[in-house]
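Enquirer: Okay, here's what each chain looks like letter by letter:
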Amino acid sequence: GAGVSQSPSNKVTEKGKDVELRCDPISGHTALYWYRQSLGQGLEFLIYFQGNSAPDKSGLPSDRFSAERTGGSVSTLTIQRTQQEDSAVYLCASSAGHLQAFFGQGTRLTVV
Amino acid sequence: AQSVTQPDIHITVSEGASLELRCNYSYGATPYLFWYVQSPGQGLQLLLKYFSGDTLVQGIKGFEAEFKRSQSSFNLRKPSVHWSDAAEYFCAVRPTSGTYKYIFGTGTRLKVLA
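Chains as they are written, first to last, in my numbering: chain L, 1 to 112; chain V, 1 to 114.
It cannot be assumed that every hint is accurate.
Claimed, not checked - Computed from the model, here is a short list of chain V residues facing chain L with C-beta under 7 Å:
1. R22
2. G43
3. K49
4. T99
5. Y100
6. F104
7. G105
8. G107
Derived from the structure by calculation, the hints contain no laboratory data. Think of the CB as a built atom: it goes at the ideal place given N, C-alpha and C, for glycine as much as any other residue.
Please construct the entire structure, taking both the sequences and the accompanying hints into account.
Expert: Below, the structure written as C-alpha cells:
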C-alpha cells in the first residue's frame, strides 16, 4: 500500500484479555517502530526493528508486551493480560533506513 | 540522558498571526531533527527535517524551522497561521548512526482563533 496501515483502528477489550495489534509497513522499508501515545502524553518508544538485526526492545514497559516482525514486513504487537493503564493509541511507523519515519493512523486501545 | 523538551504545552494564536513553537534537545552529538504534526484522530505527518547543511529548513504547509547548535534548539515557525493549522506538534530527534530510535517531545497543542 501507499502508507503504513494499522489494524484494527479501534479495539475495546476487557481487562485481563490478550490483544494483538497489526502493522503493515510501507513496502521495502527496513525499519519498523512501535510507539505508544497516552492521553495528554508524548510518544513513548516501545520497540524498533531494523532488517534482520535483533530488535531494540528497550521501551517495552513489561513482559506482558511483545512484538514480532515476520519476513521483514508485517509486525504484530501483543499485549497479554491487558490492564487499564494499557489504554492508549499505539502507533506504528516505518522508514527506509536513515530517512524519515512514516506513521500509520494508529490503533486506539481501550481496556474496560 | 537524551531528551527533547517542548516547553509550551498549549499555544493559542489568532488566525493570521505568526507562530513559533519551541524545541530544545539534550543529546551527545547533533542528531537528526524533525517536526511532526498530528491532527485529531490522525497519525503523525512529517512537516520538515534537518539532517545537515543550511540551518534554516523549509517544510510543508508554509512551515520552517531553524537549527541553532549553540542553543540545542530547533524551533518551528510560520509567518501567518491558518485555522487548519490547529493540531498537535511534536519535535523529535534521532541519532545519525547506529540505532535509529526516535525520541519525541511531549508535544505542543496549537489552537487557532478565528
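Enquirer: All the hints need checking, so say for each whether the structure fits it.
Expert: So, going through the hints one by one against the coordinates:
Among the interface hints, the one on R22(V) is violated; its C-beta lies about 15 Å from the nearest C-beta in chain L, farther than the 7 Å criterion. Taking 7 Å as the C-beta contact cut-off toward chain L, the hint placing G43(V) at the interface holds, the least distance being around 4 Å. Checking K49(V) against chain L by beta carbon gives a least distance of about 5 Å; that is within 7 Å, so the hint holds. The interface hint given for T99(V) holds, since its Cβ lies 6 Å from the closest Cβ of chain L, which is under the 7 Å cut-off.
The interface hint given for Y100(V) is met, as the beta carbon of that residue sits about 6 Å from the closest beta carbon of chain L, less than 7 Å. Proximity of F104(V) to chain L holds as hinted, the smallest CB-CB distance being about 4 Å (cut-off 7 Å). Taking 7 Å as the C-beta contact cut-off toward chain L, the hint placing G105(V) at the interface holds, the least distance being around 6 Å. Given the 7 Å rule on beta carbons, the hint for G107(V) holds: about 5 Å separates it from the nearest Cβ of chain L.
Comparing the model with each earlier hint shows a violation of hint 1 alone; every other hint is respected.
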